[in-house]
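Visitor: Sequence:
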Amino acid sequence: MFSPHITVATVVQAGGKFLVVEERVNGKPTWNQPAGHLEADETLLQAAVRELQEETGIQAVPQAFLGLHQWIAPDDTPFIRFLFALDLADICDNQPQDSDIDCCHWLSAGTILTSAQLRSPLVAESLRVYQQGTRYPLSLLAAFNWPFSEDAPACGA
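Heads up: the sequence shown is residues 198 to 354, going by the numbering used here.
These are computed hints drawn from the structure, not numbers from a lab.
Bear in mind the structure is a predicted one, so any value in this text is a computation, not a measurement.
A hint or two may mislead.
As the list claims (entries may be wrong) - With a straight-line cut-off of 20 Å between C-alpha atoms, the simulated SDA-like cross-links for lysine to any residue are:
id, residue 1, residue 2
1, LYS214, HIS302
2, LYS214, GLN314
3, LYS214, VAL326
4, LYS225, ILE298
5, LYS225, LEU310
6, LYS225, ALA313
7, LYS214, ILE288
8, LYS225, SER296
Make the full structure from the sequences, and use the hints.
Guide: Here it is, written out as structure tokens:
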């Protein structure tokens with residue numbers, strides 16, 4: 198049975214810098230956007246808000262949907278990644294709550310795009326999508342007849 202991993206990620210920008218989280222994969226430090234798996238009791242937007250808070254300490258709601266990527270990892274794991282955008286007024290301090298995250302960095306787009314320590318090619322591709330400037334309303338991902346609350350923290354932007 199085909200069962201892709203459904204994930205969410207948020208490109209976070211402030212002052213022309215982009216936020217990446219650093220985590221170890223197979224003992225090596227890697228960079229990623231704040232990202233993670235969709236859980237059974239949440240909408241895609243709720244998952245993005247939760248992952249952002251867990252991995253960075255930022256309590257904010259993404260402002261736009263950027264698109265989605267379907268990808269097969271080198272180990273043949275299929276992923277469907279929903280991508281969001283959050284533009285903050287200022288660079289803020291980060292306090293990762295997730296023990297898998299070592300730290301966070303605010304970096305230039307060029308530093309990220311040329312890095313050899315990206316967790317996957319989706320990290321660079323997500324940044325390129327953000328840079329193209331196309332934004333879709335969050336209502337595009339409305340949950341139909343969803344039994345759980347859509348309440349989320351107010352936007353920190």
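Visitor: So, for every hint listed, does it hold in this structure?
Guide: We went through each hint and held it up to the structure:
At most 20 Å may separate the alpha-carbon atoms for a hinted pair to count; LYS214 and HIS302 meet this at roughly 9 Å. The suggested pairing of LYS214 with GLN314 holds, with an alpha-carbon distance near 18 Å, which does not exceed 20 Å. Proposed proximity of LYS214 and VAL326 is supported: the alpha carbons are some 15 Å apart, at most 20 Å. For the suggested pair LYS225 and ILE298, the alpha carbons sit about 12 Å apart, so the restraint of at most 20 Å is met.
Restraint check for LYS225 and LEU310: the C-alpha separation of about 18 Å stays at or below 20 Å, so the hint holds. As the CA atoms of LYS225 and ALA313 are separated by approximately 11 Å, the hinted pair is consistent with the 20 Å bound. With a C-alpha separation of about 8 Å, the suggested pair LYS214 and ILE288 falls inside the 20 Å cut-off, and the hint holds. With a C-alpha separation of about 16 Å, the suggested pair LYS225 and SER296 falls inside the 20 Å cut-off, and the hint holds.
In this structure, every one of the numbered hints holds.
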